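Peer 1: The listed protein sequences correspond, in order, to chains A and B. The opening position of the first sequence corresponds to residue 476 in the numbering used here, with each subsequent residue numbered one higher. The opening position of the second sequence corresponds to residue 2 in the numbering used here, with each subsequent residue numbered one higher.
No lab work stands behind these hints, which were simulated from the structure alone. Keep in mind it's a predicted model, so treat the numbers as computed, not measured. Ideal Cβ positions, reconstructed from N, Cα and C, are used throughout, including at glycine. A portion of the hints provided could be inaccurate.
To be verified - Derived coverage of chain A by chain B (criterion: at least 3 residues anywhere in the stretch with Cβ under 8 angstroms from a Cβ of chain B; other residues may be distant):
1) 529-542
2) 576-584
Claimed, not checked - Pairs of lysine-lysine residues, derived as DSBU-like cross-links and limited to a Cα-Cα distance of at most 35 angstroms, are as follows:
3) A/K707 with A/K768
4) A/K700 with A/K646
5) A/K646 with B/K83
6) A/K646 with A/K537
7) A/K707 with B/K83
8) A/K652 with B/K83
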Amino acid sequence: MGGDDAPRSVLAGARLAAERGIPVLLVGQPEQLADVRDFEVVPASQVIAMGAEAAASVRKMKDSSLVRAAEAVRDGRASAMVSAGNTGAAMAASLLKMGRIRGVARPAIATPIIVPGRAWPNVMLDAGANTECTAEWLVQFAQMGAVYCRDRWGVQEPRVGLLSNGEEAGKGSPLVKQAFELLGDRDWQTRTGAVFAGNVEGRDLLEDLVDVIVTDGFTGNVALKTAEGVAKQLIGALMGAFESSEEAREGARLLAPALAPLYDEFSPDSVGGAILLGVNGVSIISHGASSPKALANAVQVAHELAERDTVGSLRRVLRAQ
Amino acid sequence: MPSETHVEHSPLDREGVLSLVRECLADILEISPDRITEGQAFADDLDADSLALIELVETLEEELSERAVGFSIDDEDLEDLKTVRDAVDYVHGRLSRSS
């Protein structure tokens, strides 16, 4: 049971999810959960610290909450896991305990990026699981992202974009150029029910140009963190401007009703966390600072993906090649 | 102890360890066990990267924990395991010491 404010925020999130009718199993230290009567608890005596080395921690701390949660999914005791703890360790535990879907070279982190005015976000993957990738892996990421996009948001023929430094086909690193060639192949598109829409640029992350954005984990993570940093600075600058004078404060009060829905739309709380695609189970990775609402949304997403058998959909598409 | 929950394991000799390593590795790399020989290097011959090795170690630990309680492979030793033979010798040595 990880996260910056665990177990308090996790418990509050679990209760919110339970109020929505979703059965929740808690995994954590029994002494921390001694007063919890409303949930079944899977005891786990160890906690992998947020900054701990991922794979080594998972290997050594067999009784950690992350390892026990992944085992619960593997053994069928839980249908999905959600963690706000150490991202790398959540990934390693999911991979090592649930295993990879047959045919998947590397699992990837798929993160939703809000598209203003559109009912579903863009899905970017890989957002950080694999810093070094091959072009073939990027094609698999495209397949997994498209299946996820269809299962979760009902986008029937997801458009896939390849993140590059220009829209033109010849733009990009050797990896991007090679991936462009492979993604242009009709076979994978037909098998997956997706369409390759060409290159997209960093400025297109929040645009309604594609539904899935494919990149290597290094670039994806840098792009994601850059977008988060820009958003944070912009919001800070706006708040500063609103407080800069009495007139500005009055203007902000007038604007507040129009700005509130925008805040909700852009809030990371609404998207429910990233998902590790390519493992034999649903594994949702939430931000360490997730609010109870964000965690409840993550649990809901996990529940829905398990109900829809998204892992089964991935198996079918990836087996077909 | 009820018979259905108690499984007797015969000691695993070196051939048995080799067979187990080949089966586990084949499953991870999604290739036939027949393509795996003792002399092959993980990286150069089998294209098995560090992640595949960690998966192999985890699988071996789970498979062998029933035979040798608490059987584990030290992460520090992973760097020395360059070939299938290295892994087989290492696992066989650990099992022999624990029996």
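Peer 1: Determine for every hint whether it applies to the structure shown.
Peer 2: Outcome of the hint check:
1. 529-542: Answer holds; 4 residues pass the 8 angstroms Cβ test.
2. 576-584: Three-residue rule met by the segment 576-584 of chain A, so holds; n is 3.
3. A/K707 with A/K768: Cα-Cα ~20 angstroms, so holds.
4. A/K700 with A/K646: With a Cα-Cα distance of about 23 angstroms, the restraint between A/K700 and A/K646 holds, given a limit of 35 angstroms.
5. A/K646 with B/K83: violated (38 angstroms)
6. A/K646 with A/K537: With Cα atoms ~46 angstroms apart, A/K646 and A/K537 exceed 35 angstroms; violated.
7. A/K707 with B/K83: Outside the cut-off at roughly 46 angstroms; violated.
8. A/K652 with B/K83: Roughly 33 angstroms separates the two Cα atoms, so the pair holds.
Violated hints, listed in ascending order, are 5, 6, 7; each of the other numbered hints is respected by the structure.
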